[in-house]
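Enquirer: Here is how the chains run, residue by residue.
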Amino acid sequence: MLEEQLVQLLSPEGERVTHAQYPTTLNTDEIIALYRDMVIVRRLCNESTSLQRQGQLALWAPLQGQEAAQIGAGRALRTRDFSFPSYREHGVAWCRGISPAEILRLFRQVSHGGWDPQKYRHSVPTIVIGNQALNAVGYAMGVQRDGADEATMVFFGDGATSQGDVNEAFVWAAAFNAPVVFFVQNNQWAISEPTVRQSRIPLYRRAEGFGFPGIRVDGNDVLAVYEVASAALQLAREGGGPTLIEAYTYRMGAHTTSDDPTRYRFDADVEAWKHRDPIERVKAYLVRTQHITAAALTAINEEADVLAMELREAVLAMDGPDPLSIFDHVYADQHPLIDAGRQEMIDLGLGGVR
Amino acid sequence: MLEEQLVQLLSPEGERVTHAQYPTTLNTDEIIALYRDMVIVRRLCNESTSLQRQGQLALWAPLQGQEAAQIGAGRALRTRDFSFPSYREHGVAWCRGISPAEILRLFRQVSHGGWDPQKYRHSVPTIVIGNQALNAVGYAMGVQRDGADEATMVFFGDGATSQGDVNEAFVWAAAFNAPVVFFVQNNQWAISEPTVRQSRIPLYRRAEGFGFPGIRVDGNDVLAVYEVASAALQLAREGGGPTLIEAYTYRMGAHTTSDDPTRYRFDADVEAWKHRDPIERVKAYLVRTQHITAAALTAINEEADVLAMELREAVLAMDGPDPLSIFDHVYADQHPLIDAGRQEMIDLGLGGVR
Amino acid sequence: MTAMTMAKALNEGLRHALDADPKVLLLGEDIGKLGGVFRITDGLQKDFGEDRVIDAPLGESGIVGTAVGLAMRGYRPVCEIQFDGFVYPAFDQIVSQVAKLRARSSGSFTMGLVIRIPFGGGIGAIEHHSESPEAYFAHTSGLRVVSPSTPDDAYWMIQEAIRHDDPIIFCEPKCRYWEKGEVDVTASTHGLFDAVVRRLGEDVTIVTYGPSVHTALRAAQAAAGEGISLEVIDARSLAPLDFPVMMRSLEKTGRLIVVHEAGHNVSISSEIVAQLTESCFYSLRAPALRVTGFNTPYPPSRVEKEYLPSVDRILDAVDRVMGFES
Amino acid sequence: MTAMTMAKALNEGLRHALDADPKVLLLGEDIGKLGGVFRITDGLQKDFGEDRVIDAPLGESGIVGTAVGLAMRGYRPVCEIQFDGFVYPAFDQIVSQVAKLRARSSGSFTMGLVIRIPFGGGIGAIEHHSESPEAYFAHTSGLRVVSPSTPDDAYWMIQEAIRHDDPIIFCEPKCRYWEKGEVDVTASTHGLFDAVVRRLGEDVTIVTYGPSVHTALRAAQAAAGEGISLEVIDARSLAPLDFPVMMRSLEKTGRLIVVHEAGHNVSISSEIVAQLTESCFYSLRAPALRVTGFNTPYPPSRVEKEYLPSVDRILDAVDRVMGFES
Ligand SMILES: Cc1ncc(C[n+]2csc(CCOP(=O)(O)OP(=O)(O)O)c2C)c(N)n1
Ligand SMILES: Cc1ncc(C[n+]2csc(CCOP(=O)(O)OP(=O)(O)O)c2C)c(N)n1
Ligand SMILES: [Mg+2]
Ligand SMILES: [Mg+2]
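Residue numbers (this note's numbering), protein chains in the order written: chain G, 1 to 354; chain H, 1 to 354; chain R, 1 to 326; chain A, 1 to 326.
Just so you know, these hints were derived from the structure itself, not from any lab. Since the structure is predicted, the reported quantities are computational estimates derived from the model, not experimental observations. Note that beta-carbon positions come from the ideal geometry of N, C-alpha and C, so glycine has one too. Hints are not guaranteed to be accurate.
Unchecked claim - Below, a list of computed lysine to any residue pairs in the SDA-like style, where the Cα atoms sit at most 25 Å apart: (1) A:LYS46 - H:THR262; (2) A:LYS305 - H:ILE338; (3) A:LYS305 - H:ILE98; (4) H:LYS274 - A:LYS33; (5) R:LYS305 - G:ARG121; (6) A:LYS46 - H:GLU15; (7) A:LYS23 - A:LYS33; (8) A:LYS23 - G:ARG121; (9) H:LYS283 - H:GLU15; (10) R:LYS305 - G:GLN54; (11) R:LYS33 - R:GLU50; (12) H:LYS119 - H:ASP146; (13) H:LYS274 - H:VAL39; (14) A:LYS305 - H:ASP322; (15) A:LYS305 - R:GLY107; (16) R:LYS46 - H:ASP146.
Said to hold, decoys possible - Computed list of chain H residues with no C-beta within reach of chain R, every gap over 10 Å: (17) GLY97; (18) ILE98; (19) GLU168; (20) ASP333.
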């Protein structure tokens, strides 16, 4: 029943499914590349969780279970598109070329951002739920005014759909036919609250009420996500306006490392979703169809391990920041309160990296 | 084409139209009563405009053109229901039993409210667009918790549907199945902006996206509005949850007495809508069907004139307030800044009504 | 007397309030099964039901906006804002409705609601989780703002705030949630809007509140070792401020330092200094100083220690006021 | 020199900004065909098109939130908030994004946007149309807040604000929109963040801004008649405040009165008094006084005259500071 509404190109067992509107455009190498991405981001996520457990990170927001949604969407983006993450889209950041260590700068709290958003064309994380949806629409309105062949994609969660800002973003996107794709990862939880607390109907249908298309895709099917996201981005680039994509997925881990999901959900549900694991699904497909060798699978795992080790080293070596740096980028221009604060900190002997 | 979507029980020419879902429940006396209400509130509105022109009011927000929407909805409310106006619902206030002079207290700026909202079960006006939608949902959640056989109705305009708060109100109403009716008067203008600036599809469809029913009624047809509103209120009272009613109507006058609509709309449009005048429509029906005598029509007009004169007198006699009253209701309890302010005003000799 | 953490004291206070008045409701994100991210509402949904301890959709304007409606209906809603930095989506409802509806309705509507905000830094959190927004609310006529600094105050102040007929912004110093203190569950010692002298002293008056009270007391202890005696006043109520208590102290010491985590620019300390330098013009022996967070956005938590007012920074200010030639 | 109203000066300033830089965009409710409810944008949509002068859907968070995105894309959006009391729905975007995005992105994003707010009372309006929200923004690190008081300042400051790379809250004293003054369209006289001495005097320093500058000048004239000489400083920039100019004056006069329409509690005047009493401790001959709106919600406009700082109230305060025995 659920599946009926979902665009799906690979069944949970890894069988190819055809869909009239969304043929697969990907060749085997490309599918393997998506698989590799997913393995790597999960491995890096696990490494980050353990870094947090060891006191090396202030917090970690795991993406486990959402790899297909993030990699499918992230790879559908073209370099010149611009994307707006929330705080959990490490997989998208990876696709944008941001290094894992840059991603962890926020979680180690040496920075509130972590990377140069202009360089990667991927904004810094937004933690205030929903704010970035309006920012993305504004960005897309800029693209529209520039007459550029670019799309903007913005990520947020099921919980975020209740925020005024996200709904205003729908109003604006519709009113201006902005070239923006709203990508909701419905991982079925907003911390401890199930999606039903936010909406009694599927979230993709919200778009109808604002007069633009909404579509629900199996968020654990990387092929389907890739195709649906690519089509929506292309529509946006061609002046077709906004689309809302609901990627129906599941947050397999905790909300963050501060969370204890045993307080609000059943192990059995989590177990059930393991059968829909997005990585296993594409692996099953590749193995069954003999598109991938055991050696290649091993190589990918090993590569992921190496990246994880490199990440660990980079994090451990990540110093600072110098307390004086808090004054550096508040304003573009000279400001007396900043100058006074900096001087006070110097006088107090609080500057310098320790 | 437009008419197809609209629930209509009287054509613009005053012919009875039947509607499968909404039979008329009103007898002739009741229809005459609605006609009388409409004539009176228009007359009072015109008197208010002229009071404003004569410097007796700070501002006036005319309801002309929206009488059927407001009287239809206002009369559908039962005494024990609770309603939340915006700033233009003088017709609803009239139905709630609030005296015309009380309504004008705000517009004369002797008060920010004007009447006792608990007494009339009609909240004070809300000027910040959209705020009252959430307040109404909260009120309805209180009704729900009390297990009371009451509905809550909240009024706002087409422009308000773009506000975050109104959309959050839809989220909450759906999530809690709150006994609330959202009544949008789509008068086609938010000051100078046509409704298309807010939405590219009809507003009643917004509700679908949140998972509750939306319906569009001819807002210039008092019979249709009465029936549609009555049904939605009854649904709410019976635990059926929220409904969004879009009353499709037209603001025949200026946004307020401060506004100059010639800057943004064509006289021809205004002329065209005169043929859909809500008062003429029901009058045509009553006259054609000989349900009303010429004498009765005259009597109603005369009654309206008397009320207008009484209103004028009441307004001219409306004094104050005493500047010291600004300290009276800020807090429920003693507050040093209030005490100090009051004392300062007394010392400065600023107290007392002049 | 029972020893408990501030978190537990708040939990117990809320439980009593729910027990005492069926009109009391709690609304907030994740306050049900999870018990809130700080577990302040732990167990309350289980005991009082989903209709009274309400897991809210994710929208702060919705939480406060519906609370306003519930208050209009005669309920006493207690809103939990998950973290300080997430109160701003509700700002419009707070400023335009919560603060003004009583006056607008000439007293017909009672806005007897409480907005609980875990506030301040020092817990190693990410952005938006360590803010001190109290100045925004204190500037807003129609609101009252209070902040407990001990478990005993937390226990009593939350109950008194809920019983009070005015809207109250209740700022909880989240970095103190897990510190234990004695709670006298038989009676409250202070009025909700009273400032309290936490430590008597002769040389300098320190006025502070919430998370910084503890810091100021540690500074007072350190200063005592050097022969300087600090009087520490816990403002407790930030709007209105209890100036008589502060004036009495300042008339004695002649020296004033105000401490808080928010940046000093247009802040609670601005008001305290402005008012006290007016009222105690003759008594003041040195310029009043302020030890506060810097006027920057709250920094990454790896440097929050340097950002926050510390014992050392307070002592440095003490040296300066003591050394001032007047 | 050309005589024009402040409304016209702003209109001309915006026109120049649109002309000078194709990245400048205006966003706001009713700013297109209608030209804004105050006609500040009159004719601009006609001349620069609907893509640059954008009639916004009715949502202030949307206006500011999309402006943020446009700024990220390199545009220079100028938002019009229709009235002061309607800025609060945008408060979250302003505090969490506008003020912080530059720092969060280590300077990668430039938030070169302006938020124009017609503010203050005195125009006989209904509720929410006469507020003075500047303290909220001045307290927020990452923002700058300015307010012109003359047509010349309005003309230049709006252009400078638009050119500036920081986000600027631009508070326009709406009750002065229709007063005429000389505008020097050849060059601006003052820096955007400079305070300006509007009238030289010896006895008392009056610091004020926006709508109250005019009132203070009238008070100075009246006081002169009684032989008391008031120096009137127009702060112009409310964040940062230009303290050096104020200090120089206070060192001369030894007496300070701060005037504004917002209630005094935790306000711009709190900060001015706190900072100046610290910096000019030796010079101060009497307690600093504040003449402001009362700490209540803005009242019905039939009594706004009594609520607002008036010439009489300023003169009364002058009497008090002059009569103070020190
Ligand atoms: C405005 C705001 N309110 C509350 C929070 C606290 N918070 C952080 S994540 C979260 C749940 C978000 O759920 P969802 O949108 O589904 O995203 P997910 O975490 O599942 O990816 C909440 C309530 C916040 N960050 N911002
Ligand atoms: C939050 C907010 N922003 C702006 C305004 C200014 N304003 C007053 S009425 C109005 C238009 C409202 O249009 P609509 O909702 O269609 O109601 P109508 O006036 O047509 O009844 C605007 C923008 C306001 N009152 N509140
Ligand atoms: Mg989620
Ligand atoms: Mg309208």
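Enquirer: Are A:LYS305 and H:ILE98 close enough, with their CA atoms no more than 25 Å apart?
Expert: violated (29 Å)
Enquirer: Does H:ASP146 lie within 25 Å of H:LYS119 when you go C-alpha to C-alpha?
Expert: Within the cut-off at roughly 19 Å; holds.
Enquirer: Minimum Cβ separation between H:ILE98 and chain R greater than 10 Å?
Expert: H:ILE98 clear of chain R: closest Cβ-Cβ about 13 Å, beyond 10 Å.
Enquirer: Regarding the assertion that H:ASP333 does not contact chain R, is the least Cβ-Cβ distance greater than 10 Å?
Expert: Nearest chain R Cβ is 6 Å from H:ASP333, so the label is violated.
Enquirer: For the pair supplied as a hint, A:LYS305 and H:ASP322, is the alpha-carbon distance within the 25 Å limit?
Expert: holds (12 Å)
Enquirer: Taking 25 Å as the top limit, are the C-alpha atoms of A:LYS305 and R:GLY107 close enough?
Expert: Holds - the C-alpha atoms of R:GLY107 and A:LYS305 are around 23 Å apart, at most 25 Å.
Enquirer: Are the Cα positions of H:LYS274 and H:VAL39 separated by 25 Å at most?
Expert: holds (15 Å)
Enquirer: Taken at face value, is the distance from the CA of H:ILE338 to the CA of A:LYS305 at most 25 Å?
Expert: holds (18 Å)
Enquirer: Does the structure keep A:LYS23 and G:ARG121 at a Cα separation of 25 Å or less?
Expert: holds (20 Å)
Enquirer: Holds or violated: A:LYS46 with H:GLU15, Cα cutoff 25 Å?
Expert: violated (44 Å)
Enquirer: Is it true that the CA of R:LYS305 sits at most 25 Å from the CA of G:ARG121?
Expert: violated (33 Å)
Enquirer: Sort out whether H:THR262 lies within 25 Å of A:LYS46, counting only the CA atoms.
Expert: Distance of about 16 Å is within 25 Å: holds.
Comparing the model with each earlier hint shows violations of hints 3, 5, 6, 19, 20; every other hint is respected.
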